[in-house]
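Participant: With the sequences and hints as input, model every part of the structure.
Take our numbering: the last position of the sequence shown gets the number 677, and nothing is skipped along the way.
Since the hints were made in silico from the structure, they are not lab data.
As the structure is a prediction and not an experimental result, all values here were calculated from the model.
Accuracy of the hints is not assured; some may be wrong.
[Unchecked claim] Lysine to any residue pairs mimicking SDA-like chemistry, simulated, CA-CA at most 25 Å apart:
hint: 1; residue 1: 340; residue 2: 505
hint: 2; residue 1: 340; residue 2: 329
hint: 3; residue 1: 302; residue 2: 467
hint: 4; residue 1: 469; residue 2: 287
hint: 5; residue 1: 467; residue 2: 542
hint: 6; residue 1: 469; residue 2: 400
hint: 7; residue 1: 302; residue 2: 234
hint: 8; residue 1: 302; residue 2: 432
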Amino acid sequence: MSARDFDVVVVGGGTAGAMAAVAAARCGARTCLVEAAGHLGGTCLALANITPFHNSRGEQIVRGLPQELVDRIAAHGGTQERGHLPNLAGIGGSFTPVDPEAMKLALFEMADEARAELWLHTMFVDAAVDGNRVTGVRVYNKSGFHDLRAGTVIDATGDADVAVRAGADYVQDVPEASLNATLLFRVAGVDTDAFIADARQSPHKFVLLADPYLREQLGLTPENVMRERVRDIHDCPYIYLANLVRDYVPRSDWREWEITAEDRSGWGKLKPFGSRFSIMPLPHRRDIVTLNATSITFDATDGAQLSRAEVEGQRQLHVALELLRRYIPGFRDCFLHTVLPAVSVRASRRLAGVYELTRSDVENRARFPDAIARGAYPMSVQSPTQPNVRQHLFVRDGGDYDIPYRCLLPARTDGLLVAGRCLSATREAVGSARMGAQCMAYGQAAGVAAALAAEHGVAPRAVDIHRLRETLRNQQAIV
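Facilitator: Okay, structure coming up:
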């Protein structure tokens, strides 16, 4: 058993944790980043995109380290020339496709330059607690068990694993009320020009301009934007098929799939694809796309259920591949290119924090004196009455809202911050605040706060909020 001392230990190397570690180390804190995989980037890496950097008005709401990451990926040839692409689906103001391999390299560069110590292939085991204060974590890797002591631990596990093991208060929705998980995969050999040409003839096949602001206040129509703005898949990069059965599966095949109606409740064997069937291009190839199509309901904090979910994800993706080849224009000759390493979880446990971000905060563009990030994505939530049907609840007037620092602070436990989708928020609000650009933005804030706590010898809840916000602004963050 070895022991090491740090100012800040970050557990979880997704984009939230990576930004937290880089931010803390750049501020001079001795920082360690613990990650179970052999790379950084988490769900954004799996998706090969980051969203949203902009609100529906086109105003940028995230800069700082997240924008630096995109710029570094671009320097490696890993983005579209335009970088952030307008999102005509109207679900988030922009869409930023990235080459996942360039993203891996850029994240390693940022961590290395900041001198954050990386502990890859390392599993979190337990939290060390003294009274109501977290003092470090125990981890395990090929070298055995290690105790990593720190003034502040940042929980960026997604599932609030550190917070739970430390005894912090948390909430967890039943799986049926949470956003379903998905196993992402990519297909190659796609004629996306044929796919887009078909949609230009029939714009109703895509979800377009979903934010009421775009239709009601800007006066845009799906027919006009498809005719005037869309030439290839990068002009419409965040594609939701509106109704897979109605628009693509011929009635002559309904019996084969046990379909009884166009409504999702009658989709038979295709019910798992009822929530969303999403197609997203890579930045530098039009013939390779990422599919966000599988939909798996389970408790992501239960190891046995997680194992079964991986099996179900594999089953569903091969059904989705058959659907693509048989029914979707341009996909007839496609082939499986990549299956991502693990099921991507959208919701599990969340911190019960000093403040809980609410649906009203998101919808009504709330502003807070301790704001450390901004969000704009609509609240994506499972319907409480219709299985596998997802709803989008939008920010008023195409705007954005603040995410306060108090959402990262446990109500009673000291020495701990959270970053990523386990922040303190209601089921509805986290459906917006969990997005990649936002996780990175408040990940940066958590890292800076932890470094300030170390510098001044105080608990994270005692950090001077004015100093925190000033430091973030100096780092080009939008607060």
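Participant: Against this structure, judge whether each hint is valid.
Facilitator: Comparing the hints with the structure gives:
1. Under the criterion of a C-alpha separation no larger than 25 Å, the hint pairing residue 340 with residue 505 is consistent with the structure, at around 23 Å.
2. As the CA atoms of residue 340 and residue 329 are separated by approximately 31 Å, the hinted pair breaks the 25 Å bound.
3. Pair hint residue 302 plus residue 467 does not hold up; C-alpha atoms about 37 Å apart against a cutoff of 25 Å.
4. Only pairs whose Cα atoms come within 25 Å are accepted, and residue 469 paired with residue 287 is accepted, the gap being roughly 22 Å.
5. With a C-alpha separation of about 22 Å, the suggested pairing of residue 467 with residue 542 holds against the 25 Å cut-off.
6. At roughly 24 Å between alpha-carbon atoms, residue 469 and residue 400 fall within 25 Å of each other, so this suggested pair holds.
7. Restraint check for residue 302 and residue 234: satisfied, since their Cα atoms lie roughly 15 Å apart, inside the 25 Å limit.
8. Restraint check: the Cα-Cα separation between residue 302 and residue 432 comes to about 22 Å, which is no more than 25 Å; the hinted pair holds.
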